[in-house]
Amino acid sequence: MPEAIRSALAIAGKDLRLEFRTRTALLSAFVFAVLTLLVFNFSRDQSLISTTDLAPSALWITVAFGAVVAMNRAFIIEREQGAFDALLLAPVPRGAIYWGKFLANLAFVGLVEALTLPLFVLFFNVPLGRALPGLLATLVLATIGFVAVGTILSAMVVRTRFAELMLPVLILPFMVPPLIGAVQVTARLLGGRPLTEVLGWLRLLVTYDVVFVTLCTLAFTAVVDE
Amino acid sequence: MTPLPAAAPIIRYGRLLTVLGLLGMAVVYLLALRYTPVEARQGMAQKIFYVHAPAAWGALIAFVLVGVASILYLWLHDPRLDLFAEASAEVGLAFSAVMLTTGPIWGKPIWGTWWTWDARLTLTLFLFLLFLGYLTLRAAVREPVERARFSAVLGIMALVLVPFIHLSVYLFRTLHPQPILLKPSRPSLPPQMLRTLLTSMGVYTLLYLGFVTLRYGIGLRRAARLREVDDA
Amino acid sequence: MPELPQNGAYMVAAYIVTAVILMGYAVSLWMRSR
Chain A
1 MPEAIRSALA IAGKDLRLEF RTRTALLSAF VFAVLTLLVF NFSRDQSLIS
51 TTDLAPSALW ITVAFGAVVA MNRAFIIERE QGAFDALLLA PVPRGAIYWG
101 KFLANLAFVG LVEALTLPLF VLFFNVPLGR ALPGLLATLV LATIGFVAVG
151 TILSAMVVRT RFAELMLPVL ILPFMVPPLI GAVQVTARLL GGRPLTEVLG
201 WLRLLVTYDV VFVTLCTLAF TAVVDE
Chain B
1001 MTPLPAAAPI IRYGRLLTVL GLLGMAVVYL LALRYTPVEA RQGMAQKIFY
1051 VHAPAAWGAL IAFVLVGVAS ILYLWLHDPR LDLFAEASAE VGLAFSAVML
1101 TTGPIWGKPI WGTWWTWDAR LTLTLFLFLL FLGYLTLRAA VREPVERARF
1151 SAVLGIMALV LVPFIHLSVY LFRTLHPQPI LLKPSRPSLP PQMLRTLLTS
1201 MGVYTLLYLG FVTLRYGIGL RRAARLREVD DA
Chain C
2001 MPELPQNGAY MVAAYIVTAV ILMGYAVSLW MRSR
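So the sequences go chain by chain: A, B and C.
The numbers in my numbering rise by one with no breaks, and the one at position 166 of the first sequence is 166.
So the number in my numbering is just where the residue sits in the second sequence, counting from 1, plus 1000.
So the number in my numbering is just where the residue sits in the third sequence, counting from 1, plus 2000.
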């Protein structure tokens, strides 16, 4: 299958270069993340809610919505460039197209998260320390889940009239299981609990990822074929 | 193109079943309000159970059928499957609306709180949102074949999602001891209660069949009309 | 024997809401099928 893999990587590379040329998308997702973190901090009652209590929710809501914003932009830019139809004419296996877009979205969202995480640590006085590897693993796993579902859904809604509203409406129920898992793991890790305690949740995240990446890869054909 | 069955007889049949179902509901109301005994500890509010629980069941059946029809559509490409899925989703929306409204009305007197994130209520909320998303997607995609394909994909994704929702809510709850609420105990139901519950479930099933048939007929007629316009 | 809670109003509300939703949907379908 090396041909398909090369196609996927080529598509991913092309998509990413598109993103960097339109840096506004990256910038808007990042600004959104920063503002969300700010709002979280200023909307809490300092005497009642400690930063440690609020931190996991703040991080994950920011990540989740930031991911949706980012994925929305990605497909819309593509549509504006008219490149998508040209891509479909090429004899590329549909699964490879999905993986190309999936990887590009993953990199894009991952970049937004990489920029957001240090700010999160800063604003919320998060004691990272030993929690960092587990936290990074959770970020990767949850993001894979978000992006797997978001890629196929945005492919469906990109040509509808209210595309930017449709994606959040459709994707939010799908984001809940990885979100619950991610918040639980983050809360425990930041609370100093060992990684062994959160294995159940991590297994849930991994299973979710495997199932949905597979499903979406297979289903993508139905979405793009005439 | 697959020829579509005639809509008119299906609509007639659907109307008949719906009327029977509604009459059945009237019977259930009578049974629940007059025939069943009043539960000593929970009072009259316990009787909400007879209209609440079967609605949840109906919503779940509607949901699973949307998923199954979606899988079959992607395999067989029969537009009738797509129209059936659309009908089942709409009916499921109605049933989950019943569940979501009667749930809190039941919860307040029995559990002391309007909402609890318990497995069943949470799951129904998700079913409601998924039905809504499914129907919203359908409304947003103009071209019929594309709409059918996209809806089918979403229907399958939603079906696969539900076990994960259930699992994560369950894990969430077992690790988060909920406040001690006034739990209605579940001893074996006295015969009148059991009979009324079973009757109610039967009636809801009948109502589901009636609604789905009628809605399917409406969809058929609309599709047939669109084809006439296309052919003209 | 503990007192029976007076929560009949909730029951009435729930039964009315259910009837409204189901009847309302039935009427909507009926009108759309004409």
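Check before you lean on any hint, since a few could be wrong.
Across the chosen pairs, the derived CB separations fall in these ranges [as the list claims (entries may be wrong)]:
no.: 1; chain 1: A; residue 1: R203; chain 2: B; residue 2: P1144; range: 39 to 45 Å
no.: 2; chain 1: C; residue 1: L2004; chain 2: A; residue 2: L199; range: 55 to 61 Å
no.: 3; chain 1: A; residue 1: T51; chain 2: C; residue 2: A2009; range: 41 to 47 Å
Here are some, though not all, of the chain B residues that point toward chain A, as calculated from beta-carbon distances under 8 Å [said to hold, decoys possible]:
no.: 4; residue: L1016
no.: 5; residue: L1129
no.: 6; residue: L1130
no.: 7; residue: L1135
no.: 8; residue: L1137
no.: 9; residue: V1141
no.: 10; residue: P1144
no.: 11; residue: I1156
no.: 12; residue: L1161
no.: 13; residue: F1172
These aren't lab readings, by the way, just hints derived from the structure by calculation.
Virtual Cβ for every residue (Gly too), placed ideally from N, Cα, C.
Right, here's what the structure says about each hint:
no.: 1; hint: A:R203 with B:P1144: 39 to 45 Å; verdict: holds, 41 Å
no.: 2; hint: C:L2004 with A:L199: 55 to 61 Å; verdict: violated, 49 Å
no.: 3; hint: A:T51 with C:A2009: 41 to 47 Å; verdict: holds, 44 Å
no.: 4; hint: L1016; verdict: violated, 36 Å
no.: 5; hint: L1129; verdict: holds, 5 Å
no.: 6; hint: L1130; verdict: holds, 6 Å
no.: 7; hint: L1135; verdict: violated, 11 Å
no.: 8; hint: L1137; verdict: holds, 6 Å
no.: 9; hint: V1141; verdict: holds, 6 Å
no.: 10; hint: P1144; verdict: violated, 13 Å
no.: 11; hint: I1156; verdict: holds, 7 Å
no.: 12; hint: L1161; verdict: holds, 6 Å
no.: 13; hint: F1172; verdict: holds, 6 Å
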